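Listed below, chain by chain, are the residues.
2 protein chains.
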Amino acid sequence: MRSLAGDVIRQAFFQSSGQKLHKRLYQAISSAILAGNLPPSARMPPTRDLAEELELSRNTVLRVYEQLQAEGYVSSLTGSGTFVTHSVLDNLDARSITGMDETASEDPPALSARCLDLLEHASASPQQWGAFLPGVPDVVNFPHRVLKKFYDRQTRQALPQHLSYDSTGGADSLKLALTDYLRTARGVRCSPDQILITEGIHQALDLVTRSLCNPGDIAWTEEPGYWGIKNILRMNAVEPVPIAVDEQGLIAERRQAPAPKLLFVTPSHQYPLGSVMSLGRRQALLSLARETRSWIVEDDYDSEFRFSGQPVPSLQGLEENSPVIYVGTFSKTLYPALRLGYVVLPKAIATPLKKMHSELYRGGHLQVQAALAEFIGEGYYAAHIRKMRQLYGRRRQMLVALITRLLGQDYLGRYNSNAGLHLILQLPENCDDAAVAQQANQQGLLVRPLSRYFMGSASDRGLLMGFAHMQERELESAFLRLAAIIKEQEKKPRC
Amino acid sequence: MRSLAGDVIRQAFFQSSGQKLHKRLYQAISSAILAGNLPPSARMPPTRDLAEELELSRNTVLRVYEQLQAEGYVSSLTGSGTFVTHSVLDNLDARSITGMDETASEDPPALSARCLDLLEHASASPQQWGAFLPGVPDVVNFPHRVLKKFYDRQTRQALPQHLSYDSTGGADSLKLALTDYLRTARGVRCSPDQILITEGIHQALDLVTRSLCNPGDIAWTEEPGYWGIKNILRMNAVEPVPIAVDEQGLIAERRQAPAPKLLFVTPSHQYPLGSVMSLGRRQALLSLARETRSWIVEDDYDSEFRFSGQPVPSLQGLEENSPVIYVGTFSKTLYPALRLGYVVLPKAIATPLKKMHSELYRGGHLQVQAALAEFIGEGYYAAHIRKMRQLYGRRRQMLVALITRLLGQDYLGRYNSNAGLHLILQLPENCDDAAVAQQANQQGLLVRPLSRYFMGSASDRGLLMGFAHMQERELESAFLRLAAIIKEQEKKPRC
Chain D
1 MRSLAGDVIR QAFFQSSGQK LHKRLYQAIS SAILAGNLPP SARMPPTRDL
51 AEELELSRNT VLRVYEQLQA EGYVSSLTGS GTFVTHSVLD NLDARSITGM
101 DETASEDPPA LSARCLDLLE HASASPQQWG AFLPGVPDVV NFPHRVLKKF
151 YDRQTRQALP QHLSYDSTGG ADSLKLALTD YLRTARGVRC SPDQILITEG
201 IHQALDLVTR SLCNPGDIAW TEEPGYWGIK NILRMNAVEP VPIAVDEQGL
251 IAERRQAPAP KLLFVTPSHQ YPLGSVMSLG RRQALLSLAR ETRSWIVEDD
301 YDSEFRFSGQ PVPSLQGLEE NSPVIYVGTF SKTLYPALRL GYVVLPKAIA
351 TPLKKMHSEL YRGGHLQVQA ALAEFIGEGY YAAHIRKMRQ LYGRRRQMLV
401 ALITRLLGQD YLGRYNSNAG LHLILQLPEN CDDAAVAQQA NQQGLLVRPL
451 SRYFMGSASD RGLLMGFAHM QERELESAFL RLAAIIKEQE KKPRC
Chain C
1001 MRSLAGDVIR QAFFQSSGQK LHKRLYQAIS SAILAGNLPP SARMPPTRDL
1051 AEELELSRNT VLRVYEQLQA EGYVSSLTGS GTFVTHSVLD NLDARSITGM
1101 DETASEDPPA LSARCLDLLE HASASPQQWG AFLPGVPDVV NFPHRVLKKF
1151 YDRQTRQALP QHLSYDSTGG ADSLKLALTD YLRTARGVRC SPDQILITEG
1201 IHQALDLVTR SLCNPGDIAW TEEPGYWGIK NILRMNAVEP VPIAVDEQGL
1251 IAERRQAPAP KLLFVTPSHQ YPLGSVMSLG RRQALLSLAR ETRSWIVEDD
1301 YDSEFRFSGQ PVPSLQGLEE NSPVIYVGTF SKTLYPALRL GYVVLPKAIA
1351 TPLKKMHSEL YRGGHLQVQA ALAEFIGEGY YAAHIRKMRQ LYGRRRQMLV
1401 ALITRLLGQD YLGRYNSNAG LHLILQLPEN CDDAAVAQQA NQQGLLVRPL
1451 SRYFMGSASD RGLLMGFAHM QERELESAFL RLAAIIKEQE KKPRC
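Each protein sequence line maps, in turn, to chains D and C. The first sequence maps to residues 1 to 495 in the numbering used here. The second sequence maps to residues 1001 to 1495 in the numbering used here.
For reference, chain D alone in the conformation it holds in the complex:
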């Protein structure tokens, strides 16, 4: 049976060339969606029909549909077929505006290939506050007044050099306070001059990638892993290579050439699955990095929040002079809008990377950095973390109890450890987590589908659920609504 959508796909498919057939098909469909030729709500041709029409095996078509679904391009409603989703609309806007605007006749210059690539992989949530949004702390319980007291003192002094640009990589007092804190709390070995203060983790990752990788280099990323690092790598023409993760963290084995320039890991609390990297794996990773002369980038984004058992010291501090670039942030321990993070740079690259930072991004914000240094130095930082650790631990416990009671033990992610600001709600293997998430999002429940964190096909389906920022009452009522959505979805033959 021929359909309009089928025609669009067929045309795009035959215009493409090179590559393997499933890649061509994937690109034909995804670009047709992005270009608006397959509009939101358009029904996709049944896999059997499309396979016949394009003379492909049905498995190839199925595999491509699955990937498109995992990435949020399409979603399937059991019994009704597969449809282009509305969530790609964000990307479409630009192009449809281009098409409709009064300037359209002038045919404005195209977006760059890297821009289109990034838009295709866009993953930041369009909403950044709401029920179950992963990765945000409780910003309301933060002692704003105390930090403000220190900040006010800084603004009263109004040192002109604190109000100008900064080319020193951050306030010295903050570097000093962080050195102490990171040594005692995270086992990080460094001196203050190895610390560079950044605008959050993204800037640190961008700086490190640009400084240490040439275009065409490869970098290992965890599979599943954080979307941000993959975006930043692609933007800098570095190829992310997904490396599987299990209950002991990244499975680091020497692979064939080319060796990666960078190895991105989250050893304390794997993002998003939650496992802790075992000591054996840590040692293996360090020796692999030395062997391949790569740098490990340790993203220690929320390690402060471990609710039971031993805290896990950093990979960076495991050995003297380890080949590790340690990256941290105040977004999880204080609040994201501060936009303050830090990198601990190995001595050999500290000076050039600081210079890179000053040339590329220019620094500033020295008053708030100096205030934060006092906040840390006088013990408020550690006290706030202790308090939040208890609070988040209780909230996590409550969410675990709700999941177990309303859905069952099987719905707790396999690798969840008792830590962090989010957990994984596991869904049955062939469940369309993107469709569940989309329905939930429409009701203001900002869970995110686990499959989106995979580069290849997802080996697990589930939902990332942030709990740290949610008041207990809200947590319960929101979860009741989410559970209802999940149960309804499960009634359908293909969840």
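It is worth saying that the hints were derived from the structure and are not from the lab. Everything numeric in this text was worked out from a predicted model, so none of it was measured. Positions of the beta carbon are idealized from the N, C-alpha and C atoms, including for glycine. Errors might be hidden in some of the hints.
Below 30 Å or equal to it, Euclidean Cα-Cα: the simulated DSS-like pairs (lysine-lysine) are [what the hints assert, rightly or not]:
hint, chain 1, residue 1, chain 2, residue 2
1, C, K1148, D, K149
2, C, K1149, C, K1387
3, C, K1149, D, K148
4, C, K1347, C, K1148
5, D, K149, D, K387
6, C, K1491, D, K148
7, C, K1347, D, K149
8, D, K491, D, K148
For each label pair, taking beta carbons as the anchor points, the in silico distance ranges come out as [claimed, not checked]:
hint, chain 1, residue 1, chain 2, residue 2, range
9, C, Q1127, D, S41, 53 to 61 Å
10, C, G1444, D, Q256, 55 to 63 Å
11, D, R43, C, E1239, 23 to 31 Å
12, C, Q1161, D, L480, 55 to 63 Å
13, C, P1242, D, Q27, 50 to 58 Å
14, D, T184, C, A1158, 44 to 52 Å
15, C, S1287, D, Q27, 36 to 44 Å
16, C, E1239, D, E429, 28 to 36 Å
Per the computed footprint, the stretches of chain D lying under chain C, defined by three or more beta-carbons under 8 Å from a beta-carbon of chain C, are [to be verified]:
hint, stretch
17, 194-202
18, 429-436
For this one, chain D is given, so just place chain C on it according to the hints.
Okay, now just chain C, sitting in the frame of chain D:
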């Protein structure tokens, strides 16, 4: 006559290949300096000897030495010869640490080519506050208390969504306030949804370059021009092509292919020379951009400060739907440490570029943005600018009087207009402005040599002198010291 330095250069020169001879020689010497093979204070071989040894024309060698001198690699002391300067030490540090550190035996992975390239072109001043530093406003006279009042109100409200990440391109209230301000003060035509709030101008330039240029594309930059844009272009594998500037601004003529993707200009107040782009040139530039389907990036960094004559409305607002991306900053009108800038995006690219921004950099700082919106909305912004305009105008006048009195009329830059936060002190044509600046810097006078703002050989020699942030008393005593340095330098045969 053979010398050790000559041997080092000869070896590096013969190892290089491709390219024109002067480029090979330039690269051989500069990389030998950066690698530490020609250490600071090393005497360079006389041009005549080196020319003979390498079988090059003496003119080629002279030209390369001049460029190296302009870029601060070497400086010449009359009668004694040419020496590797100490000011490149910043870049050297990293390598010498690499060489000396206890981890040296492990031979850490190299820096990327783009990193080395940027370090070679590094231009940010290592000090960001002091006498004559160009580009900083009077941060002390800013009404910190008023802005703080609005900020305190925001922090008391403590809206959780203002404390989380931002994926909307900035606080809506600030976009609205800016739309009004930019329309009335700068003649910019836009709606609030075209505005994106950024971390200063560098982030805006980086975003625009990445979104609109593919690697290998070219972009026009003003010659002389701002170092930051050239760094950002190179970092993103886009080639800056220098286009000359005269008293009417950029000399925009249709040149041979390939057409530039972006045209970077500072029409209101050319950076660093100070000329204003004439109406004819503006119209020519707009039609050229339409013809080549390029975007113009208008960097309107300090246009608020024009002390006499008509204010110059923006290029962006000259035509409806102009192909102009307008970039501005609060670093000059308020203070740099705020790290707040903005882009006005043409409608056709507003949505994708905002998405790019959220994916790559993540937003935040919504409380201070909301406070700033009130500060603008209640008239404090315009009032502060008016007040500073008078103050800076007086300080400029005082500096001009000092220059005229102590050095003479000839020392006022040819294109200086009565505007901005800095002016050009013109030096005789063959004067080594880098050497003068270096001597001045050592005495805490943070002038910058004009020749460093050229990509090719400098057609003018002079000093960039910031005056806006200097108290009148300091201005006079600092200038007396600078004038003495200049006069002493002029006694030498080659200034």
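Hints and how they fare:
Between C/K1148 and D/K149 the alpha-carbon distance is near 13 Å, which keeps this suggested pair within the 30 Å criterion. For the given pair, C/K1149 sits about 20 Å from C/K1387 by alpha-carbon distance, which is consistent with the 30 Å threshold. As the CA atoms of C/K1149 and D/K148 are separated by approximately 13 Å, the hinted pair is consistent with the 30 Å bound. The straight-line distance between the Cα atoms of C/K1347 and C/K1148 is roughly 34 Å, outside the 30 Å bound, and the hint therefore fails.
At most 30 Å may separate the alpha-carbon atoms for a hinted pair to count; D/K149 and D/K387 meet this at roughly 20 Å. For the proposed pair C/K1491 and D/K148, the alpha carbon gap of about 56 Å is over 30 Å, so the pair is violated. A distance of roughly 43 Å separates the Cα atoms of C/K1347 and D/K149; the hinted pair therefore is violated under the 30 Å criterion. Restraint check for D/K491 and D/K148: not satisfied, since their Cα atoms lie roughly 52 Å apart, outside the 30 Å limit.
Checking the proposed 53 to 61 Å range against C/Q1127 and D/S41 shows it holds: the Cβ atoms sit about 59 Å from each other. At about 57 Å, the beta-carbon gap between C/G1444 and D/Q256 stays in the expected band of 55 to 63 Å. A hinted range of 23 to 31 Å is violated for the C-beta pair D/R43 and C/E1239, which are about 46 Å apart. A beta carbon spacing of about 24 Å between C/Q1161 and D/L480 contradicts the range 55 to 63 Å that was offered as a hint.
Checked against the hint of 50 to 58 Å, the pair C/P1242 and D/Q27 fails, with Cβ atoms roughly 38 Å apart. Hint check: D/T184 to C/A1158, Cβ distance near 30 Å, so the stated range 44 to 52 Å is violated. In this structure the hint that C/S1287 and D/Q27 lie 36 to 44 Å apart at CB holds, the actual value being about 37 Å. Between C/E1239 and D/E429 the beta carbons are some 50 Å apart, a value that contradicts the proposed interval 28 to 36 Å.
Counting residues of the stretch 194-202 of chain D whose CB lies closer than 8 Å to any CB of chain C gives 3, which reaches the minimum of 3, so the coverage claim holds. Look at the stretch 429-436 of chain D against chain C: 0 of its residues bring a Cβ nearer than 8 Å to a Cβ of that chain, fewer than three, so the hint is violated.
Violated hints, in rising order: 4, 6, 7, 8, 11, 12, 13, 14, 16, 18; the structure is consistent with all others.
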